[in-house]
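*Asks:* Construct the complete structure from the given sequences, taking the supplied hints into account.
There are 2 protein chains.
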Amino acid sequence: MSTEKDFAELTFLPDRVTVKAPAGETVLDAANRGGLHINASCGGEGVCGRCMVELRGGTVDAQPGLYLSEEDFAKNLRLACRAKCSGPAEIFIPLESRGDASFFKKAVQADEKVTVETLAPTVKQACLILQPPDQADNTADLDRVAAALSDQGLTDLYVDLATARTMPEVLRASGFKAKVTVSLDPPINDRAAKPFGRIVSVAPADDDESYYALALDIGTTSVWARLINLATGEALPSVADLNGQISFGEDVISRIVYAGRPEGLKRLQLQVTNTVNKLLDRLDEQVPGYRQRTYIAYAAGNTTMSHLMAGVDPKNIRLAPYVPPIAAWPTLRASQIGINMEPFALLKFFPSVSSYVGGDIVSGVLASGFYEREELTLFIDVGTNGEIVIGNRDWLTCAACSAGPAFEGGGVKFGMRAAPGAIDNFLYDRNLNKHYLGVMDNVPPSGICGSGLINVVAELFRAGVVNKQGRFETDRSPLVREGEDGWEYLLSPAAESAGGKDVVLTEIDIENLIRAKGAMFSGYQTLVEAVGLEMGDLQRVIIAGGFGKSLNLENAITIGLLPSLPLERFLYIGNGSLSGCTLAALSGPMWLAANDIKRMMTNFELSETPGYMDKYMATQFLPHTDASLFPPMGD
Amino acid sequence: MSTEKDFAELTFLPDRVTVKAPAGETVLDAANRGGLHINASCGGEGVCGRCMVELRGGTVDAQPGLYLSEEDFAKNLRLACRAKCSGPAEIFIPLESRGDASFFKKAVQADEKVTVETLAPTVKQACLILQPPDQADNTADLDRVAAALSDQGLTDLYVDLATARTMPEVLRASGFKAKVTVSLDPPINDRAAKPFGRIVSVAPADDDESYYALALDIGTTSVWARLINLATGEALPSVADLNGQISFGEDVISRIVYAGRPEGLKRLQLQVTNTVNKLLDRLDEQVPGYRQRTYIAYAAGNTTMSHLMAGVDPKNIRLAPYVPPIAAWPTLRASQIGINMEPFALLKFFPSVSSYVGGDIVSGVLASGFYEREELTLFIDVGTNGEIVIGNRDWLTCAACSAGPAFEGGGVKFGMRAAPGAIDNFLYDRNLNKHYLGVMDNVPPSGICGSGLINVVAELFRAGVVNKQGRFETDRSPLVREGEDGWEYLLSPAAESAGGKDVVLTEIDIENLIRAKGAMFSGYQTLVEAVGLEMGDLQRVIIAGGFGKSLNLENAITIGLLPSLPLERFLYIGNGSLSGCTLAALSGPMWLAANDIKRMMTNFELSETPGYMDKYMATQFLPHTDASLFPPMGD
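The listed protein sequences derive, respectively, from chains A and B.
Just so we're aligned, residue 427 is where the first sequence starts under the numbering used here, counting upward by one.
Just so we're aligned, residue 427 is where the second sequence starts under the numbering used here, counting upward by one.
No lab work stands behind these hints: they were computed from the structure.
Since the structure is predicted, the reported quantities are computational estimates derived from the model, not experimental observations.
Please note that a few of the clues may not be correct.
Not everything, but these chain B residues come out facing chain A in the computed CB check (under 8 Å) [what the hints assert, rightly or not]:
1. 564
2. 586
3. 821
4. 1034
Derived lysine-lysine pairs resembling PhoX-like cross-links, with alpha carbons at most 25 Å apart [what the hints assert, rightly or not]:
5. 501(A) x 894(A)
6. 620(A) x 620(B)
7. 704(A) x 692(A)
8. 692(A) x 741(A)
9. 510(A) x 692(A)
10. 692(B) x 510(B)
11. 741(B) x 603(A)
12. 860(A) x 927(A)
13. 839(B) x 894(B)
14. 894(A) x 839(A)
15. 839(A) x 860(A)
16. 605(B) x 741(A)
17. 605(A) x 741(B)
18. 741(A) x 603(B)
19. 446(A) x 510(A)
Label pairs and their calculated CB-CB ranges [unchecked claim]:
20. 912(B) x 560(A): 35 to 45 Å
21. 557(A) x 926(B): 55 to 65 Å
22. 798(A) x 707(B): 52 to 62 Å
23. 707(B) x 563(A): 41 to 51 Å
24. 926(B) x 563(A): 31 to 41 Å
25. 769(B) x 934(A): 45 to 55 Å
26. 591(A) x 900(B): 50 to 60 Å
27. 577(B) x 762(A): 23 to 33 Å
28. 553(A) x 769(B): 34 to 44 Å
29. 557(A) x 769(B): 36 to 46 Å
30. 714(B) x 512(A): 45 to 55 Å
31. 762(B) x 553(A): 40 to 50 Å
32. 579(B) x 934(A): 58 to 68 Å
33. 560(A) x 577(B): 48 to 58 Å
Beta carbons: idealized from backbone N, C-alpha and C, even for Gly.
*Replies:* Now the structure itself:
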């Protein structure tokens, strides 16, 4: 039996959130239960050192170690994932250890325009003016509704018990004028089969024709949601927030590891559904009471995210030969997995191609439309897990490459996500040997984000401060100096920085960036070669995903992340995953096309593809060992 | 806040079952919570007087009234539905007030033989020997299973999340040798549509090919269950019990009324599912662990029973124009409505034709097979609600007639169900002016069951003791005497009877029987005339249902319940409803045929059919006003 004495009261600063924690629980877990994010790239394994917190009062049970020096320990710093609750404590979570959701809270997707030629949603709403029953015709209510739907071309109908239960009351209260919603559901393994019609809801007819679908992009880092009016085809402004799972690891691998712990899977599912539910609450401000009229959600995420959200154990995704449990998803009830929608609302996950090419990529390809065009196209989503698709309307190949976390600020001494305080732009004046920083929201810099890292390294490379090997030319700039991790470049002195520390770029940071861009580039090369083509044959390069928005194309080519092609061939499509969900909601044929894309794609496991490793090794220079791939751009 | 003092401890005799009852709860409800049946034909409305109990000690809060005389009150008799708990009490439930389940506990359906020409269950089991995934083929688990099923001709597949979740583990634990169960599910409103395949279960392959379906007959009075081995086509012995709802009223109308009370519907659903669950426990003795391998239940009941079991409000069944919420049922999960089967197990209710011609009749017609034969056939199920079907392979008409409870012992002074102690046979010796009684189980008689009533009245009519008008010829037998309700016939003197009272037949009893048989007979006439035929055109009369088993055909013709036709035209098919469920489980085409039967049937609302009332009035004699309909049989 637990008694009051077994619980410690923890107060988290600066938010002053108080959490009762059982003795022995980690501070990370306690913070999480209190709704507070603490970075933990490694999923709480104690090996990333990102979850540093400061003990401002009371006690926790912790010791110094590999990721917590004696010196830091003496300064009352603790690793939240290793520190165990043992009594009342006040714990300060510094900015660097926080997932800053404020950026996302304000964010609204810029390019919202998604249109289809013909509005033909998979969810149909039929207004039925039924003949009320009498002695001459006392057909059962459900038969009456089904017959009227058949007259409107909706055959092959199914209904669930909950809907059937409420039907008699609704029909009588409305004088047998009903608005019936039917979802057309194709089978999982046969595109040609006629979809069956699921009667999702029977409601009294009214004058408001609006009904809605939800588009959900379930990203490893952030989650986006958008309402779509299926009567008008209008897509409303999207809203976003950090994926609550981020407290349990920043990349999919650490999430999968966490899911293997007792209750881990359940907890991760709860985190992401809570995030979605918070977004859904915000949508209520756009269209009050929309849930009553929202019948379906289309969700796209990478393979791991889909499994975690559905509560399906993702462990085999991580184990060779990387077999996901589910690629083509059955239609679910949203409420069944904890999404706060009406019981009738359905949820369809976009199909995945493989363990690391997920529904978000299929959705992005759908949104980009190149799968039905002639031009040879490279489609990429840059991130810790980078996805690459090459093809056109005749064929599609794809691969995932493990770029590592550099693009998202991981493995980088002052790396951070693209949030206020992140250095995202950089100009180097070779004459004065000084630089100009661009910082997000114009506040004192606290670190450097992925696109900032590319811009800094590209500019320093062009200035000759960084050489082909990614090393500093130590005599080319007075800002290059020796630091605790070897040579480093001083980006911002302590006095001008938010954290009160010098913000620097180290050679290790550059190495990590070179590894990341090399993994991507050798991926493109492998796919291009596999189909007997060359990089120059690419007529279009489509960049999807949050990272692409802030990407400086010239700088990305300079460091060898993007192929050296005329800039007009590049296209940024924003959150393609969310756009694809929107299209599927607006159009049944689009949803079928998504399933076609999934089936068309030939997946390459790069690590198993001959020649990939050689190509990768050749990328470990700036921009590349093979200079012919990167002719001078006229700097 | 309740305290211990607000609860009264009631002890029910002779079972000595103790129930804690809150003050104010009725004795009927308390007994029910204790698992004891007390007759309450009227559903606890206080208007049938069948729930008489004896207060042997303590107190209950009750008063004499219309259905409880001052004299009975003084003898400590109480109506269980009116008596409210007010303190500790000992309450004896006399035999006449009990639903005697012991008869059913022993019963095993005699005619178990049900066969189909081709074993083709709607639930298929496929043994899949899958190629385990490797680097060359890392298709998702579900895609792999679906592709292998497609190779076996099972396309258009759907799967639920629960099955998909467990699939990866099962595949790996079994070395990718899996037994996959697929249920083929046709839509509710289109017979021609291809059924979709629902992957119900994925289990490791083993050597045991047996898998099962359940047949369930949900009767107003009794519930029957039977296991069917779908691998061999073998139907196992059925088991039966009283429908637990019987404590809340004996006929469908009183159940519908009860369902309208607060919590009434929920309670009735719980009663019947508890009854089914008890039967399922007993089936475990036949095939231990069968639930693991039982994937579907086919259930047939009258329209009200189906709705109550599914928890759908039946109120409109009772209100003109008698529109049931559901006629063709969607496929349910058995567990969803409280049936104790595995989560994967499905449940299909037989479709109803109308509010009073239910799935049990459709199932019975299926079992009898006349819907595909040329002979003009009358199909009847005799009971409080009598159902009549007339037709052949080209057309089917049906009607329900409200016969009243006489056939089931209701409205009859010493009426009882066919259970031990019921007088079921009777011979009158005109020379000696005495009779011989047949009593079920050869115990002292306590009452007379429905078939016994027919036999007694027919025999007394032939002997001239009862005349055409259903009155006693008071001088024809010394056993006719004046009693408290007018003239009566002494069946068994108190000294020889179980209840210690004279068991008598009254003129009111005979009136009720004449009303009941007249309602049935005028029903046949109405349907026969509606299609331009005559009674003599009937080539076959099929009698289904529990009542038919003990029916003496000649006596039933003598009183005018059955048409006067050569005896060889009559056929008794037993529990046709249970047999039809068995057929549907064994054969998909049979299940489709059941749905065809439902669609083929033209339903007549007798009360709305011109001429029905005149015909009914003409039946209010023995055997009928029109003697030509009943030529002498050569008595």
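*Asks:* Work down the list of hints and note, for each, if the structure agrees.
*Replies:* Results for each hint:
1. 564: holds, 4 Å
2. 586: Hint on residue 586(B): holds, closest Cβ of chain A at ~6 Å, below 8 Å.
3. 821: Violated: closest Cβ of chain A sits about 18 Å from residue 821(B), beyond 8 Å.
4. 1034: holds, 5 Å
5. 501(A) x 894(A): violated, 40 Å
6. 620(A) x 620(B): Status holds; Cα separation ~9 Å.
7. 704(A) x 692(A): holds, 18 Å
8. 692(A) x 741(A): holds, 14 Å
9. 510(A) x 692(A): Answer holds: residue 510(A) to residue 692(A) is near 22 Å, not above 25 Å.
10. 692(B) x 510(B): Satisfied, since the Cα-Cα distance of roughly 22 Å is no more than 25 Å.
11. 741(B) x 603(A): Given pair residue 741(B), residue 603(A) holds - Cα atoms ~20 Å apart, limit 25 Å.
12. 860(A) x 927(A): Between residue 860(A) and residue 927(A) the Cα gap is close to 19 Å, so the pair holds against 25 Å.
13. 839(B) x 894(B): Roughly 21 Å separates the two Cα atoms, so the pair holds.
14. 894(A) x 839(A): Within the cut-off at roughly 21 Å; holds.
15. 839(A) x 860(A): holds, 21 Å
16. 605(B) x 741(A): Holds, because 23 Å separates the two Cα atoms, which is no more than 25 Å.
17. 605(A) x 741(B): The given pair, whose Cα atoms are some 23 Å apart, holds under the 25 Å limit.
18. 741(A) x 603(B): Since the Cα atoms of residue 741(A) and residue 603(B) sit roughly 20 Å apart, the hinted pair holds (cutoff 25 Å).
19. 446(A) x 510(A): Holds, at about 13 Å.
20. 912(B) x 560(A): 35 to 45 Å: At 43 Å between Cβs, range holds.
21. 557(A) x 926(B): 55 to 65 Å: Given a distance of about 60 Å, which is inside 55 to 65 Å, the answer is holds.
22. 798(A) x 707(B): 52 to 62 Å: holds, 59 Å
23. 707(B) x 563(A): 41 to 51 Å: holds, 44 Å
24. 926(B) x 563(A): 31 to 41 Å: violated, 55 Å
25. 769(B) x 934(A): 45 to 55 Å: holds, 52 Å
26. 591(A) x 900(B): 50 to 60 Å: Roughly 57 Å apart at Cβ, these two residues keep to the hinted range, so it holds.
27. 577(B) x 762(A): 23 to 33 Å: holds, 30 Å
28. 553(A) x 769(B): 34 to 44 Å: For residue 769(B) against residue 553(A), whose Cβ atoms are near 37 Å apart, the range 34 to 44 Å holds.
29. 557(A) x 769(B): 36 to 46 Å: Cβ of residue 557(A) to Cβ of residue 769(B): about 40 Å, so the range 36 to 46 Å holds.
30. 714(B) x 512(A): 45 to 55 Å: holds, 52 Å
31. 762(B) x 553(A): 40 to 50 Å: For residue 553(A) against residue 762(B), whose Cβ atoms are near 30 Å apart, the range 40 to 50 Å is violated.
32. 579(B) x 934(A): 58 to 68 Å: holds, 59 Å
33. 560(A) x 577(B): 48 to 58 Å: Holds, at about 52 Å.
Hint compliance for this structure: hints 3, 5, 24 and 31 are not met, and every other hint is.
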